[in-house]
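We have chain A; now place chain B onto it with these hints.
Going down the list, the sequences are from chains A and B.
Take the first sequence: its position 121, counted from the start at 1, is 121 in our numbering, and no numbers get skipped.
Take the second sequence: its position 4, counted from the start at 1, is 1004 in our numbering, and no numbers get skipped.
When the alpha-carbon atoms are kept at most 27 Å apart in a straight line, the in silico DSS-like pairs for lysine-lysine are as follows:
1. Lys1119/B <-> Lys247/A
2. Lys98/A <-> Lys1017/B
3. Lys1105/B <-> Lys1091/B
4. Lys16/A <-> Lys1119/B
5. Lys237/A <-> Lys1119/B
These are computed hints drawn from the structure, not numbers from a lab.
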Amino acid sequence: MKISYYPGCTLKLKAKNLELAALASLQALGIDVEEMDRWNCCGAVYSLTDDDLIHHIGPVRNLVRAKERGADKLVTLCSMCYNTLARANQLMRKDQVKRDTINRFMDDEIDYAGEVEVVHFLTLLEEQVGWDTIKKKVKKPLTGLKVAPYYGCTLQRPQAVGIEPMGSFSLMTRLLEAIGATVVPFYSADKCCGSYQVLNVEAGDNDAAANVINAAASAGIEALATSCPLCEYNLGKQQDQFMAKGKITANVPTFYFTQLLGMALGVDPEVCHFELNDSKAVLLLEAKQIQVAA
Amino acid sequence: MTLPINAQNVSIVSVEKINKLSGENVKLCMQCGTCTASCPMAEEMEFYPRKVMHLSQFGLLSEMEDINTYWKCASCHSCSVRCPRGIDIAKVMEALRQLVLRTSKNYIEPSEMPAEQIKELPQIAMVAGFRKLTS
Chain A
1 MKISYYPGCT LKLKAKNLEL AALASLQALG IDVEEMDRWN CCGAVYSLTD
51 DDLIHHIGPV RNLVRAKERG ADKLVTLCSM CYNTLARANQ LMRKDQVKRD
101 TINRFMDDEI DYAGEVEVVH FLTLLEEQVG WDTIKKKVKK PLTGLKVAPY
151 YGCTLQRPQA VGIEPMGSFS LMTRLLEAIG ATVVPFYSAD KCCGSYQVLN
201 VEAGDNDAAA NVINAAASAG IEALATSCPL CEYNLGKQQD QFMAKGKITA
251 NVPTFYFTQL LGMALGVDPE VCHFELNDSK AVLLLEAKQI QVAA
Chain B
1001 MTLPINAQNV SIVSVEKINK LSGENVKLCM QCGTCTASCP MAEEMEFYPR
1051 KVMHLSQFGL LSEMEDINTY WKCASCHSCS VRCPRGIDIA KVMEALRQLV
1101 LRTSKNYIEP SEMPAEQIKE LPQIAMVAGF RKLTS
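Next up, chain B with everything else stripped away, as it sits in the complex:
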């Protein structure tokens, strides 16, 4: 899939939003792909972390609207500790999640979870999961 990057869809405001929420500067990314190589969830992601960093550099939020990358992120910080540019990429993924969650959208619906699963899960799984995946 070709993603056009041009004056029409590049958004400086969105770049600033991502930077402000994450406390990071996505422009520092040099696209080396170490994040993707370190990511235990990369195989399940529609766009690899490197690509999400690239789209973030141009503020292409609409292109990232329906992808699962930041919802698949487990905040394990493997990318953050290895980034040669010192970007805490886990924080960028959190910012992208929050941009959606703060519009009152849930990624998973707690009410639809099977009762059997809720019974089995350790409490920290639910506290952590609901904090990351629900608004």
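For reference, chain A alone in the conformation it holds in the complex:
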């Protein structure tokens, strides 16, 4: 089985901590993935108007690249990339008229009809490694860290591309349990963080995100684990602003789930780039006596 890896733009710059921790974890788990040698923007959001095919070209071109390389699966980490690529793939599988139009438009490429399967990193971990194996490979369990999975919108909606059924957060829950953390049930795990609306409001005025933080704090959650750089920005990096405006009363640091996995597997903490998280995140790990510096 050949697995192509699609990183996406944000993972190469602002969310290096998501990517590098993931790749180092895969290495520790003995899984090989190959980053696509040519990839382009996925578009970040799936085009929702019926007559707009041009915005599907970006994601489909990435899928074509994966097919060309003989990949069976295309794995992504960023939730928004996952959603956009998976929906574009579904369109190419199911809508013959649009598929033909898109293939004709990209006449310099091989035809594509959804042959590659788009999977999220969490699904890959479950299918290719398994939670029991991860549990056995844990070197430094995150004992005592009360954490909740935060899925946001794009991992589960719409249902046809959801990594698991609506309202179920078992993939990340089982991963966090396997690495020794205490998983706290969180009923706002699929509430929207405000997404791109952060461009549309003054700093610290994104109430959707503040509501999620408040819900987490009142559930006794110490940290949230996410796979989306935009969720991490809206939830994790805005907390000082929310605090200043009186929208939240307690901090709930956010981590990428790959950083927590990396720490548990004994990956060099420097590779997990905690300096890119909010400083409260590092303070929390230190308080839990989880080593964050090499």
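Below, chain B without anything else, positioned relative to chain A:
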């Protein structure tokens, strides 16, 4: 505010426009309000999603011209997955945005964004935001 719905302002052409762009049939809506109840942005909206669906059923585009509802929508699909009539309401909101954006109007001006914000934002925020809020 009372919004008159009468033969003068109802537009079948506008209903067809919304349906064609969204690929949905707004007439299926039975006004249960599940969309509004599910919407994380509803509190900030001038008209709730249910009301926008109602106005869409009559093609009252001019009544929806200056409201922020579809600009506040974050395309989170909470409404779409819960609609008991199976309407992908996120697509209807996209159609309403596109009807404005396709007249070369921007809802936010990228050039007016503070440099500090641009420096901090993750790339996907800008790609997604510009695609949704600028023409």
